[in-house]
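A.B. asks: Here is what each chain is made of, one letter per residue.
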Amino acid sequence: MKRYRHAASGILVPLAALAFWHLLSTKGWVNATILPSPMQVLTKWWAYLRPLEAFDPSQGSYLKWCFTGELIQDAMGSLYRVLLGFAIGTGLALPLGLAMGYSKVAYGLFNPLIQVLRPIPPIAYIPLSILWFGLGNPPAVFLISIGAFFPVLMNTVTGVQTVDSIYLRVGRNLGASRFTQFTRIILPAATPYIFTGARIGMGTAFIVVIVSEMIAVNNGLGYRILEAREYLWSDKIIAGMFTIGLLGLGIDTVMSRLSSRLLRWHRGLEQG
Amino acid sequence: MTDMTHASSHISIQGVHKVFQSGGQDVYALKAIDLEIPRGEFVCLLGPSGCGKSTLLNAVAGFSLPSSGAIAVEGTAVSAPGPDRGMVFQEYALFPWMTVEQNIAFGLQIKGEAKAAIQAKVSGLLDLLHLQDFRKRYPKDLSGGMRQRVAIARVLALDSPIMLMDEPFGALDALTRRNLQDELLRLWTELRKTILFVTHSIEEALYLADRTVVMTYRPGTIKRDLRVDLPRPRDVASPAFNALKKELSLLLMEEQNRHEQDEFRGTAVD
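Chain order of the listed sequences is U and V. According to our numbering, the residues represented by the first sequence are 1 to 272, in order. According to our numbering, the residues represented by the second sequence are 1 to 270, in order.
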């Protein structure tokens, strides 16, 4: 009961905002070309989502047809780039982070370079990425992997460095080898940090994918809203923005569900 | 030094010093400690904080070796931590990512025992410590007392002849504490381990130990090595118990006063 009341109160502000927006564009207070009404956006959204051509059984299954809409294709293109870039960035950051966290020597070797590179926003790599990789998916994936790399790296390093020494003492007391110490104690103890890093990295990857699609690729959600601007399709721009928001929310929800499932032993996640 | 080792000693501590550097000065955490502990004896190290009792325990465990002197277990010098000297920590130190079962099994897996053997042993220990209903739980879902039972089971799984305990019941409420003390005595009677137990509670030491070793505040030396001959189960309200308690209180109070004077002078290091 309480939960429903909570949900009901949560919907108040969005409804008010929607009503305000509706009034702005329908009362002629704002030019409807610049700010189309919510209904207009919704209509465009549906058109954007709907398959472009009528269903033709000779072209394949119904399910496949459902996915031929422009929005679905764009979303899948963006998702593909995010996942690939995230996988590459994390795949490189994780081993390096573990090494830097575990070994003072590795930390001393790599940390200066990392500290110099880390503050460079992934966006600043755009010119180089186009020079190096041309146009299309490669530069986009390169930028996304940079966006994912640093959050995962920094959190992994901290996670390994801050493993409570009492666990290591217990490990030594039980006779654990260095390898066992690493795989059965240090690694699991560092996972809450690593997961936090992955979640931040995924967020950054999602920001970078939209930007990179505005520059290097000719499909994807980021490309589509920039394209819509050329035609002054504000309704499509807004529809695309909401799609980006919902996809981002979906990804973050999956990440947080996954981590609370895998970290159900962890005290800090009891509330989350 | 081996020629001086008492043949009957399980743990032999001879002429042990432990020196720390503090503000450019040598601070003796331990000074000239001699202690012979026969097999199967329950010994409590008692003293105010800063008396080096934990330092001594850590030296026996092999976590931090003495600056000079010798510690031997079964005639072999201690040079590193090992599963022959299982340790129970005050903070429980259970692995939070492992269930109760997995925590207990971990030491056995390290030893490389067969799966079936591990399962049987873990099950036996769960029974022994009344933990069967909690086998699949994670430590965060357990009370302090339950956690310490798991920590004890984890050490018992190693089947080590020596159990080192560093104020294991210090963080528990009085009832849980008495409960676990009784449990520990039952296990000790059953399994006949040599136990070296650090505490700052006089009553705990007198309730548990065959022998209570009172240590002095910095430098840590042995002030009194008291044999407690009261029959078990001990009655904490009996006149004999209270006479010993009073005697130890006086000894401890002297050390506590020295500790406090040190703190007033601002020279205490912890």
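Bear in mind the hints are in silico, worked out from the structure with no lab data behind them. Computed from a predicted structure; not experimentally measured. Glycine included, each C-beta is placed from N, C-alpha and C at the ideal position. Some clues are possibly wrong.
Facing chain V, according to a computed beta carbon distance under 10 Å, are these residues of chain U, among others [to be verified]:
id, residue
1, L42
2, T43
3, L174
4, G175
5, P188
6, R267
A.B. asks: Now tell me, hint by hint, if it's right for this structure.
C.D. replies: Now the hints, each set against the structure:
1. L42: Violated - the Cβ of U:L42 stays beyond 10 Å from chain V, reaching only about 46 Å at its closest.
2. T43: Hint on U:T43: violated, closest Cβ of chain V at ~51 Å, above 10 Å.
3. L174: 4 Å, holds
4. G175: This hint holds: U:G175 lies near chain V, its Cβ roughly 4 Å from the closest one there, short of 10 Å.
5. P188: OK, holds: U:P188 within 10 Å of chain V, min 4 Å.
6. R267: 5 Å, holds
Of the hints listed earlier, those the structure fails to meet are numbers 1, 2, in rising order.
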